[in-house]
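Colleague: Sequence:
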Amino acid sequence: MKNTFNKYLYIKFAFLIFFAAGCSTNMLDQENPNAITPDTFWRNEEDATKAIMGAYSPFTHIWYYSRFEIFLSDYRDDVVNAFGTSERTSIGSFNGVSTGNGTKWVWSAMYMCVTRANEILANVPDIEMDEQVKNNILGEAYFIRAFNYFNLVNNWRNVPLITTPIGDIESPNEITQADPELVWQQIIADLQEAQKLLPPEWSSDYRGRVTTGTANAMLGKVYLYRQEYAKAKAEFQKVIDDSRYNLVDNYADNFTEAAENNQESLFEIQFVADGNSAWGGDAPNRGKGAAFHPDIAPRGFTGQDGMRINDWVLDLFMDERTVDGQVDPRAFVTLFFDSNEYTVYEGDTLRSVTYEGKTYQDVFPGESNVWGNKHLDIQHGGYESSQANGWHQSGNNLRLLRYADVLLMYAEAEFMLNGSSAAALNAINEVRARVDMPAFTTITLQDIEDERVKELSLERTRYFDLLRWGKVKERIVDNPQFKSESAGTGAYKPGREYIDIPQSEIDANPNIDHNPGY
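Going left to right, the sequence shown walks through residues -29 to -1, 1 to 489 as mature numbering (1 follows the signal peptide of the UniProt record, and there is no 0) numbers them.
These are computed hints drawn from the structure, not numbers from a lab.
For each residue, glycine too, the CB sits at the ideal point set by N, CA and C.
Check the hints yourself; a few may be wrong.
Have a look at the derived ranges for each label pair, beta carbon to beta carbon [as the list claims (entries may be wrong)]:
1) Leu416 with Asp484: 50 to 58 Å
2) Leu388 with Lys444: 41 to 49 Å
3) Gly390 with Met289: 23 to 31 Å
4) Asp449 with Asp290: 38 to 46 Å
5) Gly55 with Lys444: 18 to 26 Å
6) Arg197 with Asn482: 50 to 58 Å
7) Ala394 with Gln198: 46 to 54 Å
The calculated lysine-lysine pairs, modelled on BS3-like cross-linking and capped at a C-alpha distance of 30 Å, are [what the hints assert, rightly or not]:
8) Lys75 with Lys167
9) Lys444 with Lys75
10) Lys444 with Lys202
11) Lys75 with Lys442
12) Lys105 with Lys21
13) Lys209 with Lys329
14) Lys75 with Lys202
15) Lys202 with Lys21
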């Protein structure tokens, strides 16, 4: 898959066309016959294909999922306790500032995806090309725009809603912060269009591109966030009824490079470990690998501050045992902690791969901290030599939407509609059965919430679960010990559940203002 899809994914797409409307018309200007312009692009199927690959490309940018997005998701939840008081950790302590580069970069990357999707939706319909290919590309563009607006509205809430090419906007003053409800409605409309246009699957060369199943799952998630439970359940049911999706046998296979794009995955970021550590920009030679590992790895993995896991997460795993009396296997995939039982679990990638078979006490003698493990299937090159591992060294894809998540979201929607029904029990028990956890005979909403922690911690979901449940203050603000390694939670004010709008946007447009609480 990576040899084909990723080759096209990183073909440089000339996005100067987005700003062509601002070019000079001075008579002395000379036309470069080799330059790509709106008049020379958008002519054929090849151009349309390059364009959609360009719309996927920002997902692997250092500003986005390659690194900085994690500071807006996992670093803000009650699972992660980040070290230090940097600009990055301040977001999780409700102390982020509008001038912070980290949040501005993620905002820019998300709007980069939106802008490219808008160009595709405006131009591809007029290209004479295979109709099915055209529809698929348009479906991908609708999904990419919806997905990024979902991220924008959940992080910043009051965001500009732009659905036309930048060149069609005569003045920046036309851009205003939209009513969040309008953004949500646009997300829903885009995903409904994506459902109509996307294929149910791609050939093996193009796995990683979004499908009808991806759109179904994402639309269900949107409805769940909006507490439209019947609609959410119906969308999740479409995925459950689709034989293409199932749980993989080994939970750990969801976090290794060897098992990427498997039957459990509905959407994942396609990283490539090409050895290139170039940061920023959008050139073909920029780094394309995952660079967030030093930020979630145990202390000493690199020179980054890193983070530890709050003890309550390990306690939650230890509160019950498998049907054979063992520790929940997900604990060993998710966490690195001091336990003799580590030696019997084959999915312990942090110890067996990253630390070359060393035990917890070999690596952290005399300590008792709980560390993150998930995603860390790369060798810590400096354990013996104390040299930090480099950036962009992992080609391990980041799974953003899994079938297990769909089952748990289905269980939640069904519970909110019908309580502890057979359908809700079947869905949550299917997730538990994979790791030999005993089946529930009845459930509460807290059981579903706890199962999401065990199944999905460090997968960019927990903070947004707390946000949609209205529990950010209860779980994080009122438990400052969860952020004790940084600045605590004393900076919290109502409204700071969301991030402040980047100052650069406010300075550039008088219609854009700070978010409440800042």
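Colleague: Name the hints, by number, that the structure is in violation of.
Modeller: 1, 2, 4, 6, 7, 8, 13, 14, 15
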